Each structure stands twice: as C-alpha cells, then as structure tokens.
Amino acid sequence: MRILIATTFVPFAPGTEDRAADALAAALVAHRPGAAVDRVRLPRGEHLALAARLTDLGDCERLVTVGAGAAGLVHPAVRSWDPGEAPDAAPSAAAWAPIVETLLR
Amino acid sequence: MKVAIVSAQVPFVRGGAEVLAERLVEAVRATGAEAELVALPFRWHPRPRLLDHLLAARLWRVEEADRVIALKFPGYLLPHPDKVVWLLHQHRPAYDLWEHPLGGLHGAPEGEAIRAAVRRADDAWLPEARRIHTISRTVSERLRRFNGIESTVLSPPLADPGAFRAGPYGGYVLSLGRLTPDKRHGLLVEAMRHVRSAARLIVAGAPATAAEEQALRALVTRHGLQDRVSILAGWIGEREKAELLADARAVAFTSFDEDYGYVPLEAAASARPVIVCTDTGGVSDLLVRDGETGLVCEPDPRALAEAIDRLTLDRPMAERLGAAARERLRALDLSWERVAEELLR
Numbered sequence: 001m002r003i004l005i006a007t008t009f010v011p012f013a014p015g016t017e018d019r020a021a022d023a024l025a026a027a028l029v030a031h032r033p034g035a036a037v038d039r040v041r042l043p044r045g046e047h048l049a050l051a052a053r054l055t056d057l058g059d060c061e062r063l064v065t066v067g068a069g070a071a072g073l074v075h076p077a078v079r080s081w082d083p084g085e086a087p088d089a090a091p092s093a094a095a096w097a098p099i100v101e102t103l104l105r
Numbered sequence: 001m002k003v004a005i006v007s008a009q010v011p012f013v014r015g016g017a018e019v020l021a022e023r024l025v026e027a028v029r030a031t032g033a034e035a036e037l038v039a040l041p042f043r044w045h046p047r048p049r050l051l052d053h054l055l056a057a058r059l060w061r062v063e064e065a066d067r068v069i070a071l072k073f074p075g076y077l078l079p080h081p082d083k084v085v086w087l088l089h090q091h092r093p094a095y096d097l098w099e100h101p102l103g104g105l106h107g108a109p110e111g112e113a114i115r116a117a118v119r120r121a122d123d124a125w126l127p128e129a130r131r132i133h134t135i136s137r138t139v140s141e142r143l144r145r146f147n148g149i150e151s152t153v154l155s156p157p158l159a160d161p162g163a164f165r166a167g168p169y170g171g172y173v174l175s176l177g178r179l180t181p182d183k184r185h186g187l188l189v190e191a192m193r194h195v196r197s198a199a200r201l202i203v204a205g206a207p208a209t210a211a212e213e214q215a216l217r218a219l220v221t222r223h224g225l226q227d228r229v230s231i232l233a234g235w236i237g238e239r240e241k242a243e244l245l246a247d248a249r250a251v252a253f254t255s256f257d258e259d260y261g262y263v264p265l266e267a268a269a270s271a272r273p274v275i276v277c278t279d280t281g282g283v284s285d286l287l288v289r290d291g292e293t294g295l296v297c298e299p300d301p302r303a304l305a306e307a308i309d310r311l312t313l314d315r316p317m318a319e320r321l322g323a324a325a326r327e328r329l330r331a332l333d334l335s336w337e338r339v340a341e342e343l344l345r
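Note that the protein sequences, when read in sequence, are chains A and B. FYI, the numbering used here numbers position 46 of the first sequence as 46, with every residue one higher than the one before it. FYI, the numbering used here numbers position 58 of the second sequence as 58, with every residue one higher than the one before it.
Derived by calculation from the structure, the hints in this document are not laboratory data. One or more hints might be untrue.
Claimed, not checked - Label-pair distances were calculated between CB atoms; the ranges are:
hint : chain 1 : residue 1 : chain 2 : residue 2 : range
1    : B       : Glu337    : A       : His31     : 58 to 66 Å
2    : A       : Ala93     : B       : Trp235    : 33 to 41 Å
3    : B       : Ala108    : A       : Ala68     : 31 to 39 Å
4    : A       : Arg105    : B       : Trp235    : 26 to 34 Å
5    : B       : Arg49     : A       : Asp82     : 50 to 58 Å
6    : B       : Ala218    : A       : Arg79     : 34 to 42 Å
Unchecked claim - Over the 10 Å line for every Cβ pair with chain B, so calculated as not near, a few chain A residues:
hint : residue
7    : Thr16
8    : Asp22
9    : His31
10   : Val40
11   : Glu46
Remember, it's a predicted structure, so these values are computed and weren't measured experimentally. Just so you know, even glycine gets a beta-carbon here, dropped at the ideal spot from N, CA and C.
Using the sequences and the hints given, assemble the complete structure.
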C-alpha cells in the first residue's frame with residue numbers, strides 16, 4: 001500500500017504541521033511494515049488553493065492531508081488529519097495505533 | 001541569503017535527480033546561505049493531468065526566497081524575480097522522445113496539444129531565468145535545437161566521492177539504475193546470450209513498476225540465463241552500491257540518451273571500466289573514451305557481448321581502463337563548491 005502524507009509549509013520557517021506529519025509518517029511505517037510512505041510539501045502562497053486543486057496525487061492508495069492548507073487536494077481515498085491530534089512529545093507506539101487505524105480504515 | 005532549490009517530485013520515485021537536489025541543498029548551505037528544497041508534485045499520466053501540473057507550476061509561490069535554483073520540468077516554470085535554472089531535463093516526450101516508443105505522447109488523441117503547450121511554456125517562461133545552466137552537453141544541445149535557448153554546462157559532481165573504493169576485479173559486470181525501459185537492462189540480458197566468457201551480469205535498481213521487474217525476470221528465464229544473471233530489485237543504498245561497484249569486473253551503462261547519469265562517475269570513482277553505447281549520451285561523452293577509460297559499442301546484444309568478453313577475458317585491460325577512468329574523473333575536477341558558487345553568482 002502506498003500512503004502519501006501532504007502538508008503545506010512556509011519555506012525557511014519550520015512549522016508544527018511539518019513536524020507532526022513527519023512523526024505520522026514514522027508511525028505509519030512502524031505500524032504498516034511493507035507499506036510505502038512518502039511526503040509531499042506544498043509551499044504556501046497566494047494561489048495555494050488553486051494550485052493544490054490542480055495537483056494530482058493519484059499514484060497512491062491513500063492520501064492523508066495534514067492541516068487546512070492541504071485540504072484542497074483531491075483524491076478518491078483521502079483522509080484529513082488534524083495535527084492537534086498528535087500524541088504528546090515522545091509518544092509510545094501504542095499512542096499512535098488508533099490514529100493509524102483511523103486513517104487507514 | 002535564502003535559496004530555494006525547486007524541483008519536481010514524483011512520489012515514491014527516487015533516483016539520481018533526487019540525490020542531486022539534496023546534495024545541492026548541502027552545497028548551498030556550506031556557503032553560509034540558508035537553503036531549502038521545494039519539491040513540487042508532478043504526474044504526467046493520465047496525459048491531460050500534465051497540463052494541470054504545468055499550470056500549477058505557474059501558480060506556486062516561493063516569495064520567502066531571495067534566489068530560486070530550479071532543476072526540472074515543471075518546477076523551472078515557477079515564477080520568481082531571481083531565478084537561475086540548472087536544467088536536469090525538460091519534458092522529453094514533447095521533444096526528442098516525441099516519436100520514440102519511450103515517449104508515449106505521439107499518436108495519443110491529445111498528444112499534439114500537450115506537446116504544443118509544453119513547448120510554448122518552455123519558450124515563454126524558461127527565458128525568465130537570469131541564467132540557464134544545464135547538467136550536460138546533451139541537455140544543452142536539446143535546449144538549443146528545440147527552443148533556440150543558449151545555456152552553459154555545469155557538470156554535477158558525485159554526491160559523496162569518498163564513498164567509493166577500488167576492490168578486486170571480480171567476475172561480474174554490473175548494471176545499475178532503475179528498472180525502466182530507457183535504462184535498457186533488457187539489452188544487456190540479451191547480450192548475455194552471446195557472451196562466451198564466464199562473465200555474470202548483476203542488474204541492480206528499483207523497479208518503476210512490478211510489471212517492469214516481471215518482464216525483465218521473464219526475459220532472463222526465457223533465455224535460460226538464471227545462473228548467469230542476477231536481478232537485485234529495490235532501492236540500492238549507497239553503501240551496498242559502493243560494494244557492488246568495488247568488486248565488479250566492469251560496469252555497463254547502456255541507457256538510451258541519458259541526460260547525465262551518475263553511474264559512469266561512480267564506476268570511475270571505483271576504478272571500473274565502463275561499457276556504454278554510442279547513443280547513451282550524458283556524462284559518458286565526458287568520461288568514457290573507447291579503449292582508454294572504457295568501451296563504446298553499438299546498442300546491439302552481440303556488440304555488448306563482445307565488450308563484456310573483452311573485459312572479462314583480459315583482466316589487465318580491465319584494470320588499465322578502470323585506472324584511466326579514475327584519473328579522467330580526477331582530471332575533470334568536479335566540485336560542489338564550484339557548482340554552488342556558480343549558481344549563487
């Protein structure tokens with residue numbers, strides 16, 4: 001299964017969404033051995049919504065959008081995830097399990 | 001100074017272009033500038049989606065950057081007032097691969113329209129850049145021929161030259177690269193039918209699709225070459241690659257019309273002779289001299305078999321050519337410091 005995690009970002013300004021998405025990617029790899037997980041980062045800008053709407057990420061079985069900016073991406077199997085739901089710092093693997101299950105259901 | 005390295009990203013695909021972009025980020029940071037990779041997602045199928053991505057490239061903004069260094073289609077179309085292009089390649093199905101079986105646009109219902117749109121976009125927006133460099137003479141010549149745009153060649157160095165070593169000259173010929181038709185691993189499998197020496201062939205690279213890996217394995221089976229051809233399908237880590245190179249008798253790099261191709265550089269850094277085809281292009285033009293640093297032959301199974309036999313049966317020749325390849329690489333004096341300096345000028 002190929003899982004793509006999409007966020008938006010402001011170049012040169014590391015954000016919480018990116019960090020949460022990286023942690024989610026690691027959790028997905030840990031919970032789904034054999035799954036291919038990749039990240040897409042879209043630069044924020046005045047035309048973000050339109051550019052995202054034109055962007056086709058169809059080469060994956062599941063698209064997880066993190067944060068509102070990436071929510072404009074269209075995919076037949078998209079799940080939106082609020083980075084505020086991420087477990088606290090240094091979470092156990094068990095803390096991620098329900099999140100992973102929900103996103104891949 | 002804030003520098004955005006803008007490239008195109010095909011999710012789940014990793015190759016030389018991705019390694020180059022990451023290494024460029026490091027090189028720019030080494031100058032004291034801030035650098036960040038901005039990889040814009042790109043998909044060229046179904047075909048009409050290509051135009052969506054082309055349009056999206058004009059809509060993305062990286063206004064936080066003082067300088068954009070753009071690498072690949074359609075990333076280089078991103079507007080920015082201070083943009084330098086270091087061109088890895090254009091969308092080749094709209095150009096030199098238009099009528100080639102590898103292209104996939106010619107003959108499609110919307111093929112002509114897509115080709116025209118890609119060419120118009122390049123003609124209109126590539127010249128927005130302050131300067132255009134390319135990674136090889138091959139890429140510069142295409143840009144001049146199809147778009148009438150002049151450029152200068154800036155050859156990419158190896159990502160980590162110190163990672164390679166010269167080991168014993170073993171009994172196998174190595175073919176590295178993604179398992180895709182343009183890499184022509186199948187041509188080498190065909191060549192193995194005609195090899196008279198005891199040479200083995202190792203093909204190592206990530207398959208673009210499961211079907212392409214299966215097709216290559218089926219070819220090996222059809223010719224009964226299972227004992228002589230090994231296929232290592234999957235992403236080959238840098239350490240594993242260096243070990244495979246170190247013990248090879250020779251490296252075969254038989255791609256069709258490469259833009260650059262790191263493999264001959266990696267082979268030379270490992271003091272291996274390189275077998276290339278007359279139509280391989282890319283860095284092989286710079287590095288491989290027939291009978292001096294490697295062997296150049298027609299893209300024909302029998303010609304390749306003869307080259308493999310020569311290097312297998314004549315070990316001193318393999319050693320001599322391999323050593324000369326390493327010297328040639330040293331003489332080229334490729335450096336990331338110089339690349340960064342030129343792109344930030």
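To see whether the hints hold, each was checked on the structure:
Range check, Glu337/B to His31/A: Cβ separation about 43 Å, and the 58 to 66 Å hint is violated. Restraint check, Ala93/A to Trp235/B: a C-beta distance of roughly 25 Å breaks the suggested window 33 to 41 Å. A hinted range of 31 to 39 Å holds for the C-beta pair Ala108/B and Ala68/A, which are about 37 Å apart. Checking the proposed 26 to 34 Å range against Arg105/A and Trp235/B shows it holds: the Cβ atoms sit about 29 Å from each other.
The beta-carbon spacing between Arg49/B and Asp82/A, approximately 29 Å, falls outside the hinted interval of 50 to 58 Å. For the pair Ala218/B and Arg79/A, the supplied restraint of 34 to 42 Å holds, since their beta-carbon distance comes to about 37 Å. The beta carbon of Thr16/A is kept farther than 10 Å from every beta carbon of chain B, the shortest such distance being approximately 17 Å. A cut-off of 10 Å between C-beta atoms confirms that Asp22/A is not in contact with chain B; the least separation is 14 Å.
With a cut of 10 Å on Cβ distances, His31/A stays outside the contact zone with chain B, its closest approach being about 18 Å. Non-interface status of Val40/A relative to chain B is broken: a Cβ of that chain comes within 10 Å, the nearest being about 5 Å off. For Glu46/A, the requirement that its beta carbon stay farther than 10 Å from each beta carbon of chain B is not met, with the minimum near 6 Å.
Violated hints, listed in ascending order, are 1, 2, 5, 10 and 11; each of the other numbered hints is respected by the structure.
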